[in-house]
Amino acid sequence: GNSVTQMEGPVTLSEEAFLTINCTYTATGYPSLFWYVQYPGEGLQLLLKATKADDKGSNKGFEATYRKETTSFHLEKGSVQVSDSAVYFCALSGGDYKLSFGAGTTVTVRA
Amino acid sequence: DTGVSQDPRHKITKRGQNVTFRCDPISEHNRLYWYRQTLGQGPEFLTYFQNEAQLEKSRLLSDRFSAERPKGSFSTLEIQRTEQGDSAMYLCASSRGQGDVNEQFFGPGTRLTVL
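Protein chains in written order, with this note's numbering: chain A, 307 to 417; chain B, 62 to 176.
One or more hints might be untrue.
Said to hold, decoys possible - Below, simulated DMTMM-like cross-link-like pairs (lysine to aspartate or glutamate); rule was C-alpha separation at most 20 Å, straight line:
1) K366/A with E164/B
2) K118/B with D402/A
3) K72/B with E348/A
4) K358/A with E164/B
As the list claims (entries may be wrong) - If we take Cβ atoms under 8 Å as the criterion, some of the chain B residues that face chain A in the derived model are:
5) R92
6) T99
7) G103
8) Y109
9) A114
10) E117
11) G133
12) E164
13) F167
14) G168
15) P169
As the list claims (entries may be wrong) - Far from chain A by the CB rule (all over 10 Å, computed), these chain B residues:
16) H71
17) I73
18) R76
19) E105
20) N112
21) E113
22) F135
23) T137
24) G146
25) D147
26) T174
What the hints contain is simulated information worked out from the structure, not anything from laboratory work.
From the three backbone atoms N, C-alpha and C, an ideal C-beta is built for every residue, glycine too.
Work out the full structure, taking the sequences as your base and the hints as a guide.
This is the structure we're talking about:
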C-alpha cells in the first residue's frame, strides 16, 4: 500500500537558516503529494502540493519538487523565521482519495 | 467562518461509555473524511464519504466505531464501549471531489481522553 517516510525531528534552527525536511514515499501509480503544517494550537493546513512528476509546489517561501525517479518530495525554505515553528507533515493521495501521512517533523526556530 | 468545524473540541469519558462526535464540512464539499491522530504520529485514515455514501473504512475502524452522514452534509462518528486505546485526536476533513486533486481541508479536531 501507500506509505510516507519523513525525516525524524525535532529540528532546531536559528532564524534565517536553511531548512530542509526529507520525505520519501511508496505508492502505486502516480500519487499527488502534499505538505501540511500544524502551527501550535491550530489545525492542519495545506502548505503546498504537487500533482505530477517534476511539478514544484511553493507557498510562503517553502518549496518542494515531485521527484518520481527518487520517490521524494523534500521540503525546503531558504531563510526560516520564528513564525515557521510548527509540525510539518508530508502526505500522499492515490486514486483512493485518502491521505497517507508521515509521522511529522517538529521544527523550532530560535530568534 | 466557512471552514470545517468539529464538536466537541475536547471530550473526557470513562472506559466503557459511548461517545459521539460531529463534523460540519465546508458547505460545497461532497467528500468527507475521518482521521485519527495519536501523539507524535501523523493522522491515520479511518473512513470517508462521498455525499451520504460511506465508500471506504479502514481496518482501524473496529466494530465499536460507526460513522454516518445521513443527508450528505454533517457527519457523526460514534465510538461504543470506549477503551483507553481510543484516546486520540479525531480529525475531520472535507474536499470538493471534482478534479481538485483531492485537496482536503481539516477541522480543528476533537481530542478524546478515555480514563
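Hints and how they fare:
1. K366/A with E164/B: 18 Å, holds
2. K118/B with D402/A: Answer holds: K118/B to D402/A is near 11 Å, not above 20 Å.
3. K72/B with E348/A: 17 Å, holds
4. K358/A with E164/B: 14 Å, holds
5. R92: R92/B check passes; min Cβ-Cβ to chain A is 7 Å, inside 8 Å.
6. T99: Since the shortest Cβ distance to chain A is 10 Å, the answer is violated.
7. G103: 3 Å, holds
8. Y109: 6 Å, holds
9. A114: Since chain A brings no Cβ nearer than about 13 Å to A114/B, farther than 8 Å, the hint is violated.
10. E117: 7 Å, holds
11. G133: 16 Å, violated
12. E164: 6 Å, holds
13. F167: Because about 4 Å separates F167/B from the closest Cβ in chain A, which is inside the 8 Å limit, the hint holds.
14. G168: 6 Å, holds
15. P169: P169/B check passes; min Cβ-Cβ to chain A is 4 Å, inside 8 Å.
16. H71: 13 Å, holds
17. I73: 19 Å, holds
18. R76: Non-interface label stands for R76/B: nearest chain A Cβ at 27 Å, farther than 10 Å.
19. E105: Incorrect as stated: the minimum Cβ-Cβ distance to chain A is 7 Å, not above 10 Å.
20. N112: 13 Å, holds
21. E113: 16 Å, holds
22. F135: 17 Å, holds
23. T137: 19 Å, holds
24. G146: 19 Å, holds
25. D147: Non-interface label stands for D147/B: nearest chain A Cβ at 19 Å, farther than 10 Å.
26. T174: Since the minimum Cβ distance to chain A is about 17 Å, T174/B lies beyond 10 Å and the statement holds.
In the structure shown, a violation is registered for the earlier hints numbered 6, 9, 11 and 19, in ascending order.
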